[in-house]
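So the sequences go chain by chain: A and B.
Position 420 (the first sequence) corresponds to 425 in the numbering used here; numbering is contiguous.
Position 208 (the second sequence) corresponds to 213 in the numbering used here; numbering is contiguous.
Hints are computed from structural coordinates only; laboratory data are not their basis.
Hints may contain errors.
Lysine-lysine pairs mimicking DSS-like chemistry, simulated, CA-CA at most 30 Å apart [as the list claims (entries may be wrong)]:
| id | chain 1 | residue 1 | chain 2 | residue 2 |
| --- | --- | --- | --- | --- |
| 1 | A | Lys203 | B | Lys9 |
| 2 | A | Lys9 | B | Lys55 |
| 3 | A | Lys52 | B | Lys52 |
| 4 | B | Lys203 | A | Lys9 |
| 5 | A | Lys321 | A | Lys417 |
| 6 | B | Lys55 | A | Lys55 |
| 7 | A | Lys9 | B | Lys169 |
| 8 | A | Lys52 | B | Lys406 |
| 9 | B | Lys321 | A | Lys169 |
| 10 | B | Lys390 | B | Lys365 |
| 11 | B | Lys406 | B | Lys365 |
| 12 | A | Lys147 | B | Lys365 |
| 13 | B | Lys365 | B | Lys417 |
| 14 | B | Lys147 | A | Lys55 |
| 15 | A | Lys147 | B | Lys55 |
| 16 | A | Lys147 | A | Lys417 |
| 17 | A | Lys203 | A | Lys9 |
Single-letter residue listing:
There are 2 protein chains.
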Amino acid sequence: MSLKFSQLGARQTESDIARLMTFALQRPDVLSLAAGFTDNDTLPLEKLTKLAMEIRDEGDLGALQYGSNQGSPDLRSVLARRLQCQDGVDSTYGSDRTFITNGSQQALYLAVQTLCDAGDIVLVEQPTYFVFLEMLRGLGVKAVSMPMRANGDVDAVALALMLKGYAESGDIDRVKAVYLVSYYSNPSGHSVSLDCKKALLELLAAYDGRIALFEDAAYRELYYDRPFEAPSCVALQAARGSVPVFYTTTLTKPFATGLKVGYGYCTDEDWLSRMLAIKGQQDFGTANYNQTLLLKVLTSGLFDEHLRTLRMSYYKKMMALDEVLSQNLADCGWTWERPEGGLYIWASAPPEIETGFDSKFHASAIEEGVMYVPGELCYSECQVKCKARISFGVLRTEQLKQAARRFARAAKRFSLIKTL
Amino acid sequence: MSLKFSQLGARQTESDIARLMTFALQRPDVLSLAAGFTDNDTLPLEKLTKLAMEIRDEGDLGALQYGSNQGSPDLRSVLARRLQCQDGVDSTYGSDRTFITNGSQQALYLAVQTLCDAGDIVLVEQPTYFVFLEMLRGLGVKAVSMPMRANGDVDAVALALMLKGYAESGDIDRVKAVYLVSYYSNPSGHSVSLDCKKALLELLAAYDGRIALFEDAAYRELYYDRPFEAPSCVALQAARGSVPVFYTTTLTKPFATGLKVGYGYCTDEDWLSRMLAIKGQQDFGTANYNQTLLLKVLTSGLFDEHLRTLRMSYYKKMMALDEVLSQNLADCGWTWERPEGGLYIWASAPPEIETGFDSKFHASAIEEGVMYVPGELCYSECQVKCKARISFGVLRTEQLKQAARRFARAAKRFSLIKTL
Chain A
6 MSLKFSQLGA
16 RQTESDIARL
26 MTFALQRPDV
36 LSLAAGFTDN
46 DTLPLEKLTK
56 LAMEIRDEGD
66 LGALQYGSNQ
76 GSPDLRSVLA
86 RRLQCQDGVD
96 STYGSDRTFI
106 TNGSQQALYL
116 AVQTLCDAGD
126 IVLVEQPTYF
136 VFLEMLRGLG
146 VKAVSMPMRA
156 NGDVDAVALA
166 LMLKGYAESG
176 DIDRVKAVYL
186 VSYYSNPSGH
196 SVSLDCKKAL
206 LELLAAYDGR
216 IALFEDAAYR
226 ELYYDRPFEA
236 PSCVALQAAR
246 GSVPVFYTTT
256 LTKPFATGLK
266 VGYGYCTDED
276 WLSRMLAIKG
286 QQDFGTANYN
296 QTLLLKVLTS
306 GLFDEHLRTL
316 RMSYYKKMMA
326 LDEVLSQNLA
336 DCGWTWERPE
346 GGLYIWASAP
356 PEIETGFDSK
366 FHASAIEEGV
376 MYVPGELCYS
386 ECQVKCKARI
396 SFGVLRTEQL
406 KQAARRFARA
416 AKRFSLIKTL
Chain B
6 MSLKFSQLGA
16 RQTESDIARL
26 MTFALQRPDV
36 LSLAAGFTDN
46 DTLPLEKLTK
56 LAMEIRDEGD
66 LGALQYGSNQ
76 GSPDLRSVLA
86 RRLQCQDGVD
96 STYGSDRTFI
106 TNGSQQALYL
116 AVQTLCDAGD
126 IVLVEQPTYF
136 VFLEMLRGLG
146 VKAVSMPMRA
156 NGDVDAVALA
166 LMLKGYAESG
176 DIDRVKAVYL
186 VSYYSNPSGH
196 SVSLDCKKAL
206 LELLAAYDGR
216 IALFEDAAYR
226 ELYYDRPFEA
236 PSCVALQAAR
246 GSVPVFYTTT
256 LTKPFATGLK
266 VGYGYCTDED
276 WLSRMLAIKG
286 QQDFGTANYN
296 QTLLLKVLTS
306 GLFDEHLRTL
316 RMSYYKKMMA
326 LDEVLSQNLA
336 DCGWTWERPE
346 GGLYIWASAP
356 PEIETGFDSK
366 FHASAIEEGV
376 MYVPGELCYS
386 ECQVKCKARI
396 SFGVLRTEQL
406 KQAARRFARA
416 AKRFSLIKTL
């Protein structure tokens, strides 16, 4: 008496983000240290509208027409040059290797769709971006954690042994990609070192191009002081050859998320053409008006001007959050490091404290009126229970401080309960 | 030495649209009766920019923030009311059943993803929307043509026998949906009659909700004189119960395609929640700025005002095209009907003439400097070879007439070659 869903359809369950967002709507009294939203105060509504007026004054009717599936050639060309410039390399990055997507999320989805059948494996950092883990679950792809070093990098030596194990057990063909959140990671704030990237590419090169590298650089431009030193894996791969690299980032997270435009860069032509074929089926091209606006944002210098404002703003908020947490949370045995970019403080509770949605600590936090992202969502098997992702993206400084005090009160209260 | 793609990735080939678009870029001298683009002269750049300025004046920073995965509640509510009003029914259409997508294309993709595994079957009209056929091929889903009546409707009696055949052969569980392009169809211009919709829903009801109905209403609002009489299958289903109906249309095809916003309406809650889960993985929400703009476009009355202009404009262009074709093409044995809405004339050559990309007729048309969409692309098995989709969307009237004369010259030339 009802529909029989596809394997993909049958696999779907309510997402953790949806759960967080529904809760946030139901309880507006609860301050959110969970949302990865950006700061209202810095949103460039005035300047963006000026550019919209420029499009009108130029009579650029093309902005309101369909664009091409791969995306605006002018925008792709600006982005390829920008990436090359960030990587500080001479070799030319091809605009034909660049494609425009509905946020970096769609680029990641296409990359996984083209490579992974249900049951295949993508290797991830510990911790990693929880929305990517949700996507993998949705597609029936298994996320497997890579061994990590104390400095937060992947342990390439231990990973080599792990891959050897897969080769011996005959499962190596199921291992399709390594996924890195390589700059000011969501959630950990860690950036992947140059040495680590080199070691990973060298290791994967031994697998003859059968294991791809996904590099998610969403927060690369959101450094506070200076860019992180390591270039992208695109730059490093160029010298090494055989590892297919897919790089993606967002144009709108560090500008105006409401425009939802990202891009991908793929070193493997065949792979790229298959991603584009699927994009053709999903939407045959990202909104051309948004692409036209973002081309103007980039070429007018507004993008870089805005980034300078944002970096200062997020740095100040991070410091304000850190100060309140230092004064109120450190006593409860929690630890964290100050990030050098991005929107998150990644905090560790004493190891016996669990922070998941169903934990007593989470209940305490909600009672105190504050939300956060339970750290266990950021592990492929929820194997670490005592972490919390605390975002300083969306709240204004005063609210942020209040939320941090609430969070600390929950920690304190919970410590007391625990010792009773 | 190279990537092993997923089954989905391995299946991808260059698309027909991509082929058409690449050719169009290489040969700007060739006039396009192929593109389903809209008319530059009518694009509302001035008015849209005014609404962008209103957003600025209202200080609506939310427009530049992330929206929700399902889409703006206000926009969904306006759309649900609009659909209910078009259908002329009393029952309330739920905004919670409505979801915003990156064009209607993404809505269709989600509907197919949730229901169909590779090898499953979707039943389609003859002819049908060729981009949908491409999507099905990309997903490994088999499109099977339904028997048609002379009036252009599906033959529900013959379809009943066909379904019975599937039931007897044990393949009925692979039949997941019936796909209708129900108003001023791309390509045929045909609208599905009320009787046909009723008969189809009645037939499908006998299958206990296991076969869904997809209704693609992309051109519903682009009638010339008055709306087509039949309400949507959402309205008809309400009285009949068990058939899950998914309805989709675009907001931007009849306004400004560069904004790329569509929506879906789904009568089955479980199905909808699974589509939304996948959307969450693909992009977690359509660009919120575009949704904010379109909400204003709808509530300000601009959408309806613009539609009135468009209807007049397309009607005039259709008549101009029809006139030139009548004077120049009819003699060659070609036939067509004047559509009552939409952007296409669906023309039939004498049955012995093939019009496919590799046909002599196609070569003649390109030599004369005109492109069209070969009709065989619009059939699941390319079983009809002698049709052409002639679009009057994008060209201005004078160019359109010139293109039509070129097309007729090709037909004439080809007729001459044929008789030699």
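message = Of all the hints numbered above, which does this structure not satisfy? Sort the numbers upward.
response = 2, 8, 9, 12, 14, 15, 16 and 17
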